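Construct the complete structure from the given sequences, taking the supplied hints into account.
As you go down the protein sequences, you meet chains A and B in turn.
Here full-length UniProt numbering is used: the first residue of the first sequence is 1, the next is one more, and so on.
Here full-length UniProt numbering is used: the first residue of the second sequence is 1, the next is one more, and so on.
I should point out that these hints are in silico values taken from the structure, not numbers from a laboratory.
Quick caveat: nothing in here was measured; it's all calculated off a predicted structure.
Even glycine gets a Cβ: it sits at the ideal position worked out from N, Cα and C.
Accuracy of the hints is not assured; some may be wrong.
[What the hints assert, rightly or not] Cβ-Cβ distance ranges computed for the label pairs, FRET-style:
1. His-73/A x Lys-72/B: 32 to 38 Å
2. Glu-36/A x Glu-71/B: 51 to 57 Å
3. Thr-17/B x Glu-32/A: 19 to 25 Å
4. Arg-71/A x Gly-30/B: 43 to 49 Å
5. Asp-12/A x Gly-30/B: 30 to 36 Å
6. Thr-7/A x Arg-84/B: 36 to 42 Å
7. Lys-97/A x Ala-2/B: 50 to 56 Å
8. Leu-87/A x Asp-117/B: 30 to 36 Å
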Amino acid sequence: MDLSLSTRTVGDRTVVEVGGEIDVYTAPKLREQLVELVNDGNFHLVVDMEGVDFLDSTGLGVLVGGLKRVRAHEGSLRLVCNQERILKIFRITGLTKVFPIHTSVDEAVAATD
Amino acid sequence: MATVELRFSALPEHVRTARLVAAAVARRSGVDEAVLDEVRLAVGEACTRAVGLHQSGGITAPVKVSLIEEEKQFSIEVGDEAPRIAPGDRAPGSGDIDVDAEEDEMGLAVISGLVDDMEVTAGEHGGLIRMTWPTTPPATALG
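Below is the structure:
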């Protein structure tokens, strides 16, 4: 199982739909994608994790890196995730306090705070 | 002797193989289905860490994974050959989001959050992470 990535624009947000496994092997692809989006001026990202089967700390590191990049431009990075086994990893590492996590893309796109 | 032993070149693409093998052997050994996700994640973290240590240290030796079926428990040992003096079991960083410095610690943080019974040792010949899970029957109370 490899990593799949697709992006689309919804209003002023860029939704990155991620599928498959995010680990030490595939995480660099996600990192590249996020860096490219930010370099192209997309500072409000929504990462849809509903299709993710596996996420490890390398993946978390990439997401944190993405967050740092968008924040440098007053941007935002929101996650969409309902899978308990993925959410658990965010909880264990305390990252639920760092990332806004939404239950749907619509909710994430509409969120402002 | 380990039930199954795995040695792989310290490359990121092999970590997934280690996860799959570990989960398969854990299942056969009677580790609860509900815990298999945790086994998969924990062994992946340990292998990722070992691969990182070998790569950054220029070590060509393989990473070693031992899957050990014992009475009422199942253990996984992930060994690296990266020499170091300080043990790598520092407390996970809190709040700070400096990625590079924290990546190694984040892996350990995930493992320690997932596995109640874990042990990290490191010395001049390398490090070892040992993780243990109970196997069935789950109703038996162990002291």
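Hint check:
no.: 1; hint: His-73/A x Lys-72/B: 32 to 38 Å; in the structure: violated (54 Å)
no.: 2; hint: Glu-36/A x Glu-71/B: 51 to 57 Å; in the structure: holds (52 Å)
no.: 3; hint: Thr-17/B x Glu-32/A: 19 to 25 Å; in the structure: holds (23 Å)
no.: 4; hint: Arg-71/A x Gly-30/B: 43 to 49 Å; in the structure: holds (46 Å)
no.: 5; hint: Asp-12/A x Gly-30/B: 30 to 36 Å; in the structure: violated (52 Å)
no.: 6; hint: Thr-7/A x Arg-84/B: 36 to 42 Å; in the structure: holds (41 Å)
no.: 7; hint: Lys-97/A x Ala-2/B: 50 to 56 Å; in the structure: violated (39 Å)
no.: 8; hint: Leu-87/A x Asp-117/B: 30 to 36 Å; in the structure: violated (23 Å)
Of the numbered hints listed earlier, those contradicted by the structure are 1, 5, 7 and 8.
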